[in-house]
Amino acid sequence: MDAGSRWDAICVGAGITSLAFGAQVVKRHPGARILVIDKHGVPGGYATVFQRPKAGAAFDCSLHKLSGMGEGGNLRRIFADLGLDAELGLKVPADYFEACLPGGAIRFGNGVDAFRQALHERFPHERAGLDRFFDEVAVHGRNGYHQFQMMDGTFEPDFAQLRYAHKHLKHVTVADALAQRINDPWLREILAATGIYVGGFPEDLGYLYFLHVVYATLTQGNAYVEGASQRLSDVLAARIVAAGGHVLLGTAVRKILSDDAGKVRGVATARGDFYADRVYLNAAPHYALRTLFDDRPALAPIRRKLKNLKPSRSTTTVYLTTDAAPADLGLASTETMIFASGADASRAARAVCDGDEACERAYWRDSVMEVTNYHALNPSGGRIVCLNVLDTMAHWPERRSPAYKLKKARALNVMLERLYAAKPGLRGHVVYTEVSTPRTYERFTNNTDGAGYGAMVGTDLSGHVFHHAFPIAGVHFLSAWVAGPSYEAAFGYAEMKAKQWAA
Amino acid sequence: MNVAEFLQDAIVELKDVDESTLIPALTFEELELDSLDYVEIQLRIKKKFKVEITPELFASGQLKNLGDLYAYIETNQPQAAVA
Numbered sequence: 000m001d002a003g004s005r006w007d008a009i010c011v012g013a014g015i016t017s018l019a020f021g022a023q024v025v026k027r028h029p030g031a032r033i034l035v036i037d038k039h040g041v042p043g044g045y046a047t048v049f050q051r052p053k054a055g056a057a058f059d060c061s062l063h064k065l066s067g068m069g070e071g072g073n074l075r076r077i078f079a080d081l082g083l084d085a086e087l088g089l090k091v092p093a094d095y096f097e098a099c100l101p102g103g104a105i106r107f108g109n110g111v112d113a114f115r116q117a118l119h120e121r122f123p124h125e126r127a128g129l130d131r132f133f134d135e136v137a138v139h140g141r142n143g144y145h146q147f148q149m150m151d152g153t154f155e156p157d158f159a160q161l162r163y164a165h166k167h168l169k170h171v172t173v174a175d176a177l178a179q180r181i182n183d184p185w186l187r188e189i190l191a192a193t194g195i196y197v198g199g200f201p202e203d204l205g206y207l208y209f210l211h212v213v214y215a216t217l218t219q220g221n222a223y224v225e226g227a228s229q230r231l232s233d234v235l236a237a238r239i240v241a242a243g244g245h246v247l248l249g250t251a252v253r254k255i256l257s258d259d260a261g262k263v264r265g266v267a268t269a270r271g272d273f274y275a276d277r278v279y280l281n282a283a284p285h286y287a288l289r290t291l292f293d294d295r296p297a298l299a300p301i302r303r304k305l306k307n308l309k310p311s312r313s314t315t316t317v318y319l320t321t322d323a324a325p326a327d328l329g330l331a332s333t334e335t336m337i338f339a340s341g342a343d344a345s346r347a348a349r350a351v352c353d354g355d356e357a358c359e360r361a362y363w364r365d366s367v368m369e370v371t372n373y374h375a376l377n378p379s380g381g382r383i384v385c386l387n388v389l390d391t392m393a394h395w396p397e398r399r400s401p402a403y404k405l406k407k408a409r410a411l412n413v414m415l416e417r418l419y420a421a422k423p424g425l426r427g428h429v430v431y432t433e434v435s436t437p438r439t440y441e442r443f444t445n446n447t448d449g450a451g452y453g454a455m456v457g458t459d460l461s462g463h464v465f466h467h468a469f470p471i472a473g474v475h476f477l478s479a480w481v482a483g484p485s486y487e488a489a490f491g492y493a494e495m496k497a498k499q500w501a502a
Numbered sequence: 000m001n002v003a004e005f006l007q008d009a010i011v012e013l014k015d016v017d018e019s020t021l022i023p024a025l026t027f028e029e030l031e032l033d034s035l036d037y038v039e040i041q042l043r044i045k046k047k048f049k050v051e052i053t054p055e056l057f058a059s060g061q062l063k064n065l066g067d068l069y070a071y072i073e074t075n076q077p078q079a080a081v082a
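Protein chains in written order, with numbering that gives the first Met the number 0: chain E, 0 to 502; chain A, 0 to 82.
Here chain E stands alone, though its shape is the one from the complex (with noise of 0.2 Å):
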């Protein structure tokens, strides 16, 4: 490919969100030319693999479960548009997840009915705030499910539900909603457990998105695709190739290049500059104003709305194989969420959170810790286990210092003892270990302290439209910091994008 080529329109990263749009515009407008660029030497960004070869293993980042699967699912119907479910192998799990407890575990099946009902039979005294809490996924996170159908028309929401869900769900915090609701602490720890799919904890989430997130995954469908997400990065990415597009990999972009008018004309690379009148960003919008666009004063506004966008929790995770099957070692629900040895420890750790110890103990040993069994899903992909808590960048040190690679060392052993502590059958079978830290994903994506959801979805939203009104025309936004976590909204959103291709 020649530098100084022309485009239809350039993609900045090669996020899922960049490939969802890609694949979905070449798909309505046959002939579209797309550049996607990344600095990463594979497309997908969060939604890749790494292999490791000697270990038998290929580690995925973030497919843990993709919602939206089932009949009437946005994505399923997404993925049906595009053909990609007859091209992907995709996997329903039995189970919702597993909760440890200190007093034992319960698991349950998938679906709401399922999950409700084992609820009701282990909380009995708590049937009343059980059923308005279900209530309340049933309409307020259906309609916010439905988010982009209202947009497009084509589903009807009433208006007095929006009402009352504005004044009264937006700006209260899940662990405050859940405590007008709940009296029993754990039953309110295992209904905010989901909340780490998006990347906070029940005091950072905003109730009414923690609805929607909740009706996503219990309602709608869960699925994991054959061969992870780097399967699915791979497909998109074909298809923006086989239209005449290119992924151009190992390559960072350094700047967006505007004219004097205030209209984009492309970007600048180490390979060159390249040329187009769109330019759709998936990067952190934070990364982006601080790092990809002169300093403009026509910018300014926008730089100051982004101080109200704040970035969702990034995680630690322990990558790991085992010598045998983890179901029969004793590991056999798809996910299992282990939460902390004493009811409401976990919120009042992370309140102290000052300093490394009170971190590392609020994060990693006191908070709900989930662990995916990648082999109950996949055996053909290797005997994988990963571990996952929400974190943040704040209190670990630069990479590859000494104190870093002893804050790594602790995170391991942490996680694996609490993982030991409710599945003991897996102590002396765990054979090959790798951590990866908010530094690590800053590394890779660039995501604004190593977010790994992009932006919080809090209670205050107001930072959350700054894209509106960008001054420099031909420049777009996408990605989880505009529409939300998770595979359905990345799709969403992208979909949305590529409608206004025409326009």
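All the given hints hold, so there is nothing to weed out.
Residues on chain E that point at chain A, a partial pick, calculated with CB under 7 Å: (1) Q146; (2) M149; (3) M150; (4) L161; (5) L460; (6) S461; (7) H463; (8) V464; (9) H467; (10) A468; (11) Q499.
To list a few chain E residues with every Cβ distance to chain A over 10 Å, as calculated: (12) Q50; (13) R264; (14) V351.
Hints are computed from structural coordinates only; laboratory data are not their basis.
Given the structure is predicted, the values throughout are model-derived calculations rather than measurements.
All residues carry an ideal CB built from backbone N, CA and C; glycine is no exception.
Dock chain A against chain E, hints included.
Using the frame of chain E, we list chain A on its own:
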């Protein structure tokens, strides 16, 4: 109720602001609308005036303030709805 009155009522309800502040020059930036607010405003306009406000109209800056929005609705309102 005209376009401006209807929208002022809707925004007062949505944002809990003083109606006297809702002058046509007030930008959406100053109103601090969030993404959910935008969705609801678009829906209310569509239902009441049969005018489609695409997200791109806000995102592109074509509609920057309340005055722009009133004018856009009045210009694009179907004749039957106006009557």
